[in-house]
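These protein sequence lines are chains G, A and Y, in that order. With my numbering, the residue at position 27 of the first sequence is 19, and numbering never jumps. Each position in the second sequence, counted from 1, maps to that position plus 1 in my numbering. Each position in the third sequence, counted from 1, maps to that position plus 522 in my numbering.
Simulated from the structure, these hints should not be mistaken for laboratory data. Heads up, some of the hints might be wrong.
Unchecked claim - Computed far set for chain Y versus chain A, every beta-carbon distance over 10 Å:
1) Val531
2) Leu533
3) Pro604
4) Gln627
5) Glu743
6) Gly771
7) Gly781
8) Pro819
9) Pro842
As the list claims (entries may be wrong) - Here chain A is said to cover these stretches of chain G; the calculated rule only asks that three of the stretch's residues, wherever they fall, bring their Cβ under 8 Å from a Cβ of chain A:
10) 45 to 55
11) 95 to 108
Claimed, not checked - Going by beta-carbon spacing under 10 Å, a handful of chain A positions derived as facing chain Y:
12) Thr153
13) Thr286
14) Phe386
15) Gly431
Treat the numbers as computed from the prediction; the structure is a model and nothing was measured. For glycine and all other residues, C-beta sits at the position ideal for the given N, C-alpha and C.
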Amino acid sequence: MATHAEAVEHGHGPEAAHEALAHHFDNLEQQREAGALGMWVFIAQEVMFFGGLFLAYLIYRMKYPIAFQAASNHLNWRIGTFNTAVLITSSLTMALAVWATQVGKSRKVQVGFMAATLLLGFVFLGVKAYEYREKYVDGLIPIAGWFNPKPEILAHLPHGITVGQYQMFFWLYFAMTGLHALHMIIGACILLPIMWMAWRGRFSPEYHGPVENFGLYWHFVDIIWIFLFPLLYLLGAHFSAGH
Amino acid sequence: MSTNTTAAAGREWRSRFPTVNYLNADYGIKSWLLTKDHKRIAILYLISVTFFFAIGGAYAAAIRLELLTPMGDLMQSATYNKVFTHHGIMMVFFFLIPAIPGVLGNFLIPLMIGAKDMAFPKINLLSWYVFMAGGLLTFSALLFGGVDTGWTFYVPYSTNFSNTYVTLAGLGIFINGFSSILTGLNFIVTTHTMRAPGMTWFRLPLFVWSQYATALIMILGTPVIAITVLLLALERLAHVGIFDPALGGDPVLFQHMFWFYSHPAVYIMILPSMAVISELVATHTRKPVFGYSFVAFSSLAIAVFGFLVWGHHLFVSSQSVYAGMIFSLISFVVAIPSAVKVFNWTATMYKGSISYDTPMLYVFAFIGLFMIGGMTGMFLAALGFDIHVHDTYFVVAHFHYVMVGGTVMGYMGGLHNWWPKMTGRMYPEGWARFAALIIFVGFNLTFFPQFLLGYMGMPRRYHAYPAGEPMWQVLHVMSTGGATVLGIGLLIPAVYFIWSMRYGRFAPANPWPGTGLEWRTASPPPTENFLVTPVVTWEAYEYRPIEEMQVIGPGAPDQTVGGQHPANRGVETEER
Amino acid sequence: MQSIPIPNVSLPVPFSPEQASTFAPHVDALYVYLVTLTAFLTLAVSAAIVFFAVKYRRRQPDELPRPIAGSMVLELTWTIIPLMVAMTIFIWGASIYFKAYRAPQQAMEVYVVAKQWMWKFQHQTGQREINELHIPVGARVKLTMTTEDVIHSFYVPAFRIKQDVVPGRYLQTWFEATKTGKFYLFCAEYCGTNHSGMGGYIYVMEPAAYQQWLAGGSGAESAASQGQKLFQQRGCASCHQVEAGGQQGRGPTLYGIFGRQQQIEGDGAVTVDESYIRESILNPQAKTAAGFQNIMPTFQGQLSEEQILQLVAYVRSLAPAGQQPGAAAAGTQTTSGPTTGGVPPSQQRSNPLAPTGERQGSPAPQAPPAGNTGTTGNANRRP
């Protein structure tokens, strides 16, 4: 931007004819740069948002290690692993969708990759819903008055562990995965109009900012899960003696 | 409304301005509520923060009246608790945090860097709607019955004991947080990508540097308060136990998370005010700010160190002695960049051409009051001293010196300085100087006695105080008297600003004159700010004779003062 | 921290509460230093501004002063010197803090339980008080505090001490009164409707008068013996041995355990103090003693804060006679100073902050704080 040598005529230059260029930008390059930076700043904000929950998790895990290990055993790590694979694959298809728009593949290819991403996202959410239901059946919904673990779970409570500490784990589990799932749902809602734009042939090697930025968002949501999965499902639980 | 009358109304509205500009380019309520113009959004913010400020001020008046006597005789303690809570919530979340970024930041950043608008105009408008949604939601919580937790919402009182509308008010603050985040996002991206040709980082006005530092805090701090308030609401509604010791939770964790945002938030309030002061001191002494790069980087240093000092709010809250020492040490370090700024501003005046225009009077007030506010911050950062004055009126006085003496003085100064640019009209100088004096006197009379009260042991948030201490009452009466003067002082500008919008004399493009790009376009500016994209070939604050600091671009010679703008008559055709 | 001499002033500082503890002169000395510093700096900067504003006032409307970019020397000067001055404040403040939070080994122990909106005290000898605390002058008094509901803060301006009281944990503070009299006690952390009514008085008495006051208590049972009863009732004795040299039970022997380093399961050791005993009762698995199975049930929700404190007092008492920490007879040291009261005698209410003046002249030492009857909304924990 600062490299311009002389006064630029107000209004839009030759490339201004591009329908996607907003009135207040000088050119598409500036617009793309602003969009990408905006998404990175947004992601920085998201990191801090999740950071509060991660902090709470770490503090309570250190405070109640035994309760957290025991409670973690009620999560199904096989389903969790499957879901992780699903989500990573969806990140791959999203990356391919970005690539397809960048190199100008046909709109069918673009939309195809996006549809695959969306589908995998829904698979993930479906599995998550199934897991939530399992917790509901076992009485592990961490709301005062609802948290009534089944007798066999209570029978296996380690000594000296209060139900409150158990509830704390499930509360963090639901808050963290719930917030993550909410981000997935919001992502799906944003992906739909982008798919529509792709179908209308709006994206080209010159203009594909929305796809690229959505890709960043989707990968970010994926990375959050990459942290959640070991913290909640794996850490110190299933590989210790007895499981 | 029929087309004819709409057109007539439009003609009438347009005829009030000499030129086609952002104010009259379009008309009607819809053109304002759906605008994506950063300048109009700034005006929307101006109206809304003034509204919230008035509400917060009314609550302050109620507090001061109650404390006239030692007995809690004006209202019940439950009412009093709600009153000071509402005062805090309104002032902090809906005035101090959004005021300068929302009004002056939104208006000036694109103008100062030579851009046509913010990088994301729609997000900018969205941030105002989110702000209003949050503000009105919180306001409705106050109307339905109020909140009595204090603006700090300490658990477990707020989660398990208070029977008031904590969740609703919290939800409003949660939503309002997103407004702050969106504003910060826009500021950062705009500063990075929208600068005019030649506008390098070190040619940026210091206003932009400070707003940039503010935006960093908004982006990195606000999400933490958002999640904290969310946890608070969950804890309250579902009793999940995160802050409840009975379920294994830790109430002090809330304080850590709350202050991790709310201490940097103090810098969200004061940095924009420092931004304004840097501009004002240069403009009204006609000199470049002394030590430009030190002032610029001190803003960033404040933003960074500001994130590392939250624990100084917890010196008596069971934090370990060593944690206390580290937080205390860093708190002293963070005071240094603020001191550097004060010294640089003072040095800027040396051999300057100092005007006594109202904005400069606010600069004088700011420096003096901020000095006291900042130094008493050092009192509070001193661990052994804080034990005694923590949660007393000493703290109340300290942060009012910073927030009112700092933020409000900066805001008022900035409003006067850029009022000609925003509205195209001059404010009445005599009245404005008079009001500045009244505000300064009233402010000191209100808050200085509170330092003494605090050291004498008067705890904050007290509805009644011992009658056996006559000196306490004397000081409270002084404080209430001062608050009356301060209130009157603040009403005067409200009156003359409104008056000036219709009757003030027309403002020239560069009335002071100033060197920033915002002065190199018409007053008020056209919708896309400049007639041609400006190319910057001069350094920041490079003062030249007024003839060389005229409007950039063809067809817009400077307006003459006195209501006659012959040169601009022809511009009417440029309507977009 | 005795090695570092902390300055103190004993002259009365204007607009300050009475100096009635050993901390007060230190805090006041720091205050005087800070005020002087602030006055000097503010006046210096203000004087510079006024001088510049007059000397360099605008004389012609089109004046253009010569630009001055800045000066590295000046910038460094006003960065480094303030930093060094700030460090002096830091060190001074930190040394007072250190002293205030290091409770002495030998002190008179008082247990404090706060609740909305009253302070409940129990002396080791068993006497209980509400909103009033009688202590001897010249004795080190250590408070072990907790709360039944929200966060409160124990604040005595004349002693310059303050400590938040947080639910779910024990916090300690200590002081040594240097003057007899009656001093305000406030709650400094906002705690709900009647926050400003949650106050009382500290009565500092001559040791002889204090002993008399103690004797006047109607046959109070000591905290430790109340704890002993609980210990039996709750079946603690079935696992924990309390005699010296007895056979180890399923849980650790408690005789002489207080103040000792205890190895814990996993790694490390903890000092057995009030907080560790409390934690072991409420959350036994958190730090299990090494060599013992993790079989103790939790007593969370089954004991009141006062009962837990009594159990703690009992465990403390399980030690060879004369070695009990804090066993020093209260009030053995005296200071002979002027004995001016902190509060005018006309001020005879048990609660200085009762919302209305009605209670004046009706001293009711054991009465709960004057509640504002119209505002009971917060009296109970929400369901």
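For each hint, the structure was consulted:
1. Val531: Val531/Y is indeed farther than 10 Å from all Cβ atoms of chain A, at 13 Å.
2. Leu533: Non-interface label stands for Leu533/Y: nearest chain A Cβ at 15 Å, farther than 10 Å.
3. Pro604: Violated: least Cβ distance 5 Å, not greater than 10 Å.
4. Gln627: Nearest chain A Cβ is 17 Å from Gln627/Y, so the label holds.
5. Glu743: holds (29 Å)
6. Gly771: holds (27 Å)
7. Gly781: holds (20 Å)
8. Pro819: holds (15 Å)
9. Pro842: holds (31 Å)
10. 45 to 55: holds (count 6)
11. 95 to 108: Three-residue rule not met by the region 95 to 108 of chain G, so violated; n is 0.
12. Thr153: Holds - the Cβ of Thr153/A comes within 10 Å of chain Y, reaching about 8 Å at its closest.
13. Thr286: At 7 Å from the nearest chain Y Cβ, Thr286/A passes the 10 Å test, so the hint holds.
14. Phe386: holds (5 Å)
15. Gly431: violated (17 Å)
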